[in-house]
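Chemist: Under numbering that gives the first Met the number 0, the sequence shown has 197 at position 198, and the numbering climbs by one with no breaks.
A couple of the hints might just be wrong.
[As the list claims (entries may be wrong)] Restricting the straight-line Cα-Cα distance to at most 30 Å, the calculated cross-link-like pairs of lysine-lysine (DSBU-like) are:
hint, residue 1, residue 2
1, K103, K164
2, K164, K105
3, K175, K117
4, K179, K98
5, K152, K175
6, K52, K194
7, K161, K45
8, K194, K161
9, K175, K112
Hints in this document: simulated from the structure, not taken from any laboratory.
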Amino acid sequence: MAASNLKLVPGISGQECSSSEITDRDSRIVKQLEFYFGDTNLPYDKFLQARIKLDNGWVPIRVLLTFKMLKSITRSSDVIALAVKNVADSIVEVDETDKKIRRKPKIVAPVPKRSLYKEIVERTIYCSGFPRTATMDEILEFAETFGDNVIMKTTPLRFKSKAFKGSLYFTFISKKEAEKFLDRVSVEYNGVEIKRMWESDFLGNYIAHSPFNYE
């Protein structure tokens with residue numbers, strides 16, 4: 000992803016900030032937008048797929064602000080539009096009215112195929128052992144300790160409950176980086192050992208021990 004390499008800290012809509020804080024908030028906003036419109040999410044996001052078909056790829060910022068993670072950074076459509084303008088090398092762009100966002104047409108999104116899904120799974124690792132009280136900001140900051148944009152996507156697992164259960168998927172930029180993470184002797188979060196396995200192995204174990212028949 001193309002978001003600038005800056006430490007992530009909470010931004011507060013409507014609060015006066017120094018220029019460095021504004022730049023940091025821009026980075027957080029654009030990184031979240033790049034996730035929504037990125038290769039690992041957009042091809043499989045039925046809601047966004049439906050929206051982009053309505054207006055030549057454009058999605059109203061007011062719609063994007065219904066997404067919890069983006070709304071946690073700012074509730075201002077003007078702040079979001081300015082952030083996209085400030086991060087020129089992003090994969091997204093804002094329209095001339097500053098009211099809509101889309102993936103840049105020259106950066107063609109991959110077509111959702113079984114082979115693409117398989118490739119994503121092959122560089123995704125299941126992790127468990129995080130405290131249930133951990134926030135997404137804290138986990139994203141932890142993910143960045145393994146390198147800038149090495150971990151492209153963080154997906155908390157919530158199962159039937161909306162509450163975070165302490166487990167998640169990390170999707171890496173390449174299978175090689177995923178292997179390096181898995182081959183580490185130890186990975187700790189706040190002194191607690193994080194258990195790791197390939198997503199495919201976790202799903203296999205989950206299905207094998209499920210009370211339901213998946214055959």
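Chemist: Enumerate the violated hints, using their earlier numbering and listing them in ascending order.
Modeler: 1, 2, 4, 6
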